[in-house]
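Trainee: So for the sequence shown, the working numbering puts the first residue at 1; every next one is plus one.
Hints in this document: simulated from the structure, not taken from any laboratory. One should not assume that every hint holds.
Unchecked claim - Simulated crosslink set (DSSO-like; lysine-lysine; CA at most 30 angstroms straight-line):
1. K18 - K59
2. K65 - K18
3. K18 - K61
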Amino acid sequence: MMFQVNPQIISDILTGVKNNGCLTLDDHYQLMDFTFDRSLNEQQRNSINGILNLVHRGKVKLVHK
1 MMFQVNPQII SDILTGVKNN GCLTLDDHYQ LMDFTFDRSL NEQQRNSING ILNLVHRGKV
61 KLVHK
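Kindly produce the complete structure, drawing on both the sequences and the hints.
Mentor: See the structure below:
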């Protein structure tokens, strides 16, 4: 079943990361799922990849909230 990503969700996650410097594990998995959505535009895909890259490099903490 395909779904279309709500751009507001990506924006909310980005805002949370910017304000808190951390990403919940649930949001992390959600972003990973979003990468498989073919309806994403280039800006959305780059934003998601940027957050995931920051997590990978240790610049953003993963939290278990």
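Trainee: Now, for every hint given, state plainly whether the structure supports it.
Mentor: Going down the list of hints, with the structure as the test:
1. Simply put, K18 and K59 have alpha-carbon atoms about 11 angstroms apart, close enough for the 30 angstroms limit, and the pair holds.
2. Only pairs whose Cα atoms come within 30 angstroms are accepted, and K65 paired with K18 is accepted, the gap being roughly 17 angstroms.
3. Pair hint K18 plus K61 holds up; C-alpha atoms about 12 angstroms apart against a cutoff of 30 angstroms.
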